[in-house]
Every structure is written in structure tokens, then in C-alpha cells.
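Student: Below are the chains, spelled out letter by letter.
2 protein chains.
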Amino acid sequence: MTTPTITAFERSPDGGKGLARDMRVRWALEEVGQPYEVRLVSFAAMKEAEHRARHPFGQIPTYEEADLVLFESGAIVLHIAERHDGLLPRDTNGRARAIAWMFAALNTVEPPIFERSIATILEKGEPWYEQRLRTLDKSIRTRLTDLSRRLGDAEWLDGTFSAGDLLMVTVLRRLGSSGILEEYPTLSAYVARGEARPAYKRAFADQFAVFEGSGKAQT
Amino acid sequence: MTTPTITAFERSPDGGKGLARDMRVRWALEEVGQPYEVRLVSFAAMKEAEHRARHPFGQIPTYEEADLVLFESGAIVLHIAERHDGLLPRDTNGRARAIAWMFAALNTVEPPIFERSIATILEKGEPWYEQRLRTLDKSIRTRLTDLSRRLGDAEWLDGTFSAGDLLMVTVLRRLGSSGILEEYPTLSAYVARGEARPAYKRAFADQFAVFEGSGKAQT
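Chains as they are written, first to last, in numbering that gives the first Met the number 0: chain X, 0 to 218; chain A, 0 to 218.
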């Protein structure tokens, strides 16, 4: 198999916290033991034709493997999960349910969390900021209450650790210093279990090394 | 194969326009020629334990087939596409790229569009409404400009019609009467091509019949 190449921010705006979407792909690759190369891209280069040929929306991450070029972190994680053992159950129904959690993470839980992280940057000086934040926090809490109730005492969302948990943990981590995650001990513990996985730690260290300027990533 | 049962709104808030997420699943089932049953749920019933066992976030659609229960429209459409011909290319790379478009529709293009539809309902009276709408419209236009450029003169996003196009068309339709889609003739024509498909028309008619109160759906 060709060693895949992914793209990541040359300078991640998250200060090395592993909140950018390349973290999901790095983590998935570490879980399945697949080595990879990293091409760092600047914000300017992301919007140029060469990168847009890889990613129509001029974002990261992308994934290149021989003549396959993919974009969208969810699709890349699913591609990795389908080609290696360890991220999807082998039984057909369990596999379909794990994929449902992948979509739930990205289409149901992430949107209000992402919206909040953008609002804290772009709307901070606006007169309505406090009220807007309350509205967003309410949507987020609705999702987290439901998610927490479903998770209950289980270790992972549906049986063993899957690509659904991988995406959900990265999405919940985007709540960062908002303090909202901490209101849900069940979910805080769930995120901590994800962060404790050796593959997570390796992926985190690698993206942090880029932030620290000591990454061995190819350019 | 067991006839699957999906859930849909007993009273869709969209006035029969086919903007609710059951439309995606209906359309996918029609494309592959799979008959299905519909269980209609009220807003109150969606939040009760029986439905939450199917859908942790108390939403529609869900999909039941023998002992498999799924939620998330994207996951359901993918499940259908994997089990029948017609919604995913047969070659491995083309399949992975079609799935990338599915995630792009739901995680990159839909969030600002959905956010706008919610804002026009919930924030209409707020002092920040005009400015908020301008911000949202700007994000939407950024996405549509990129999408329109990538589509270019092609009929579909990547080769033949796929589950990626199916989801993208339903997402773009959510722009409704905003007038934004009409600024992009390439994308308007793309949506019209989707709506012209016989399977789309059958799915649309079926959801409209529910709205009109003449649906033969099971309860």
C-alpha cells in the first residue's frame, strides 16, 4: 500500500490543542497503525488552485493515496476504517450503527459547537454577543443532554470503540474552555477515555510538534 | 429482504416542500426501487422514550429493517447505497469520492444553510437579525461559489449521479425562497436536474401526500 499523505495547517489557529480537523485523520491512522506523510499548507496556499484541486472548499484535511484524492475528515476517516481493522465492527448491523454515530457527530453535534467557536471570535464585540451565546449554549446543551443520556454507563457509544467515537470525541473537544462539557460528567469521562488511547496520544503529539515548529512534516 | 420502515413528521413544518430530512431517505429508496413503509410521528412523540430508542436526539428520519435500527439521514442513505446498485460507483476510488461529497453536503454546505433557516424563524425579531443574516449569507455564498466552480459544466459532482448528489441537492433546496441559489445558475440547474429525476418526483409526491393528509402511511 502507498503511504498516504494528508494536509494540515502550517499554523493551526488552535494553539496546538489538536482541535483542527486533521487531528481526526491522524488519530484514525494511528489507531490502525498506518504510517503517513503530512503536507503543511498556509492559509493563503489553501485557497490556491493547487490545493483546491484536492479540496473544492479550500480547507484541510485532504488525503492522497496513489491516484485517490479525498477531502472531508468524515469521509477520510471512513475510508481508513473500511480498509483496516479496528475502527468499525465486523458485523453488518454494528458497522451501520457505527457509521450513524459518525454522521451524528458531524451533522447533529458539531454544527452548534462549531458555530459557537466562530461566534466567540467574530461576534465578541457585538452588543448582542451575550444573548447570542446563550442561544447557542442552549442548542449545545440540548444535544449533550441527549448524548449523555444515550451513552449512560457505557464506555463507548455502541459496543467497542469505533470511528463514531473517534469523531464524537474530537467534536466534543471543540467545546474547549467553554466549560459546557464539564457540566456533563458522563461526557467528560468519555472524552478523557478517548484522549487516553495510545493512538490519540501519538496523533496529538504529532500535531503539537507541528505547532511547536519541530514537526518533521514534508512541505 | 424485509421492507424497511422510516419515520417522518406527522406535520412537516415546511408546508409540503420536501425540505425535511425524510425526503433524502425517500428519494434514495426510490432511486434503488426499494419499497418502504412510513411511520409518522408528532413533535411530542419524537421526544418520548419509544422514539428516542430509535433516535437518541429525538428527530426524524429513522430507518428500521429487521433488527437494524438506524438514525441520521446521511447514514441511512449510505446504508441504502451500499446494499443496492445505483447510488455509488462500483470502482473503489469513485465510491470513496462519492462518499466525500455526502459528507461535504452534510458537514460543509448544510450547516450555514440550516443555520439560516433557523435564524429566519427564531431570530427574526432580534435587533441583530439583519446583520446576522448578512453574515450567514456571506458564509453560504462562499460555499456556493466554491461548489459552483467545482461543478462547472458537469452534470453531477463526480461522474454519474450518486448519493453525494442526492444529499447535495436536498441541502441546496433548503435555501428555499432566500433567493441565494438563484444567484448561481450552475447550481440552480444542478438542483433542477435532481428534481427532474423520476425517483425524486415519486419521493416528493409521497411526502406531499402526507402533508395533504392523504398519505397512506402507517401510524
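Check each hint, because a few of them may be wrong.
In this list, chains with the same sequence are indistinguishable; a pair is considered to hold if it fits within one copy or across any two.
Simulated crosslink set (SDA-like; lysine to any residue; CA at most 25 Å straight-line) [as the list claims (entries may be wrong)]:
#1 Lys46 / Pro88
#2 Lys46 / Arg142
#3 Lys137 / Ala43
#4 Lys137 / Ile179
#5 Lys46 / Val31
#6 Lys123 / Ile139
#7 Lys46 / Ser177
To be clear, the hints were calculated from the coordinates, so they are not data collected in a lab.
Student: Run every hint past the structure and note whether it holds.
Tutor: Evaluated hints:
{"no.": "1", "hint": "Lys46 / Pro88", "result": "neither (37 Å within a copy, 29 Å between copies)"}
{"no.": "2", "hint": "Lys46 / Arg142", "result": "between (33 Å within a copy, 13 Å between copies)"}
{"no.": "3", "hint": "Lys137 / Ala43", "result": "between (35 Å within a copy, 19 Å between copies)"}
{"no.": "4", "hint": "Lys137 / Ile179", "result": "within (10 Å within a copy, 28 Å between copies)"}
{"no.": "5", "hint": "Lys46 / Val31", "result": "neither (31 Å within a copy, 38 Å between copies)"}
{"no.": "6", "hint": "Lys123 / Ile139", "result": "both (18 Å within a copy, 21 Å between copies)"}
{"no.": "7", "hint": "Lys46 / Ser177", "result": "neither (30 Å within a copy, 27 Å between copies)"}
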